[in-house]
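As a plain string of letters, each chain reads:
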Amino acid sequence: NAGVTQTPKFQVLKTGQSMTLQCAQDMNHNSMYWYRQDPGMGLRLIYYSASEGTTDKGEVPNGYNVSRLNKREFSLRLESAAPSQTSVYFCASSEGRAWNQPQHFGDGTRLSIL
Amino acid sequence: GENVEQHPSTLSVQEGDSAVIKCTYSDSASNYFPWYKQELGKGPQLIIDIRSNVGEKKDQRIAVTLNKTAKHFSLHITETQPEDSAVYFCAARAEGFKTIFGAGTRLFVKA
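Protein chains in written order, with the working numbering: chain P, 1414 to 1527; chain A, 146 to 256.
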C-alpha cells in the first residue's frame, strides 16, 4: 500500500518555465490537497479538492493551477515559474468530506527555480 | 486571519526526559487538532489528534491536551528516545477543508 505518491522528487527549473507536479493516492480518499513548505512557515495550503470534480483555492493560490484528474490523481501546475516558488511541495489526501479527518501526506517534491 | 503559534521552535532534551510543545490558535471555531511528525526528507505523518469535545488523549508515550477556553493545546512526549528526534507540527482545523499549521518545533533527543 503506497499511500500518497508524488513525482518527481526533485526538480530544478529556470524562471519562466512551466511544469506539473503529479500526485496519486491509493486509499480511495475523496479529498486531496496541495501544500507548500517554506523554512519557518509550516505548511500553507495552495489548493484543495474536496471531491472528484471540484477544486478550490487555499491560502496561497497565486501562480498555480490544479486539476483533479480522477479520484486518485490531483496535479499542480506552475505555468511560469518564479524564484519565489522555490519550495517543498506536499500533496495530501483525507478520507471523506468530514472536516475532522486526518490528512495523509506524500514525501514531497523539492523544487528549485533559478 | 487564522493563525497557529507554536513554541518552542527548537527543543533539546536528554534521552529519557519528557518533551512538551505548546500551540495557541486564534480561530475559536477550530474543532480538530492534529499533530504531525516529520523526519528528514519525508512528509508529515500524523502521530495523534484530538477533537474539541475531548480534553486529553494518550497513545503510549504521547499525549495531547486541549484547553478550548484558552485556545491552547500541547503535545507531551514522555521517556524520549533518539528516534523521537524530528520536526513536530501542530495544526488546527475548523469546519471546512482549511487546516492551519504551526511553524514547527525541531526536537533533538540526545543519547
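Certain hints may be false.
Which bits of chain P does chain A cover? Going by a derived footprint, with three or more residues having C-beta under 8 Å, they are [what the hints assert, rightly or not]:
{"id": "1", "stretch": "1431–1444"}
{"id": "2", "stretch": "1485–1492"}
{"id": "3", "stretch": "1513–1523"}
Each computed BS3-like pair below joins lysine-lysine, with the alpha-carbon atoms no more than 30 Å apart [said to hold, decoys possible]:
{"id": "4", "chain 1": "A", "residue 1": "Lys167", "chain 2": "A", "residue 2": "Lys255"}
{"id": "5", "chain 1": "A", "residue 1": "Lys182", "chain 2": "P", "residue 2": "Lys1422"}
{"id": "6", "chain 1": "P", "residue 1": "Lys1470", "chain 2": "A", "residue 2": "Lys255"}
{"id": "7", "chain 1": "A", "residue 1": "Lys243", "chain 2": "A", "residue 2": "Lys255"}
{"id": "8", "chain 1": "P", "residue 1": "Lys1470", "chain 2": "A", "residue 2": "Lys216"}
{"id": "9", "chain 1": "P", "residue 1": "Lys1470", "chain 2": "A", "residue 2": "Lys243"}
Calculated from the model, a selection of chain P residues having no Cβ within reach of chain A, i.e. all distances over 10 Å [stated by the list, open to error]:
{"id": "10", "residue": "Leu1426"}
{"id": "11", "residue": "Ala1463"}
{"id": "12", "residue": "Ser1497"}
It is worth saying that the hints were derived from the structure and are not from the lab. Computed from a predicted structure; not experimentally measured. No residue lacks a Cβ here, since even glycine has one placed at the ideal position from N, Cα and C.
Quiz item: What hint numbers does the structure not satisfy?
Solution: 1, 2, 6, 7, 11
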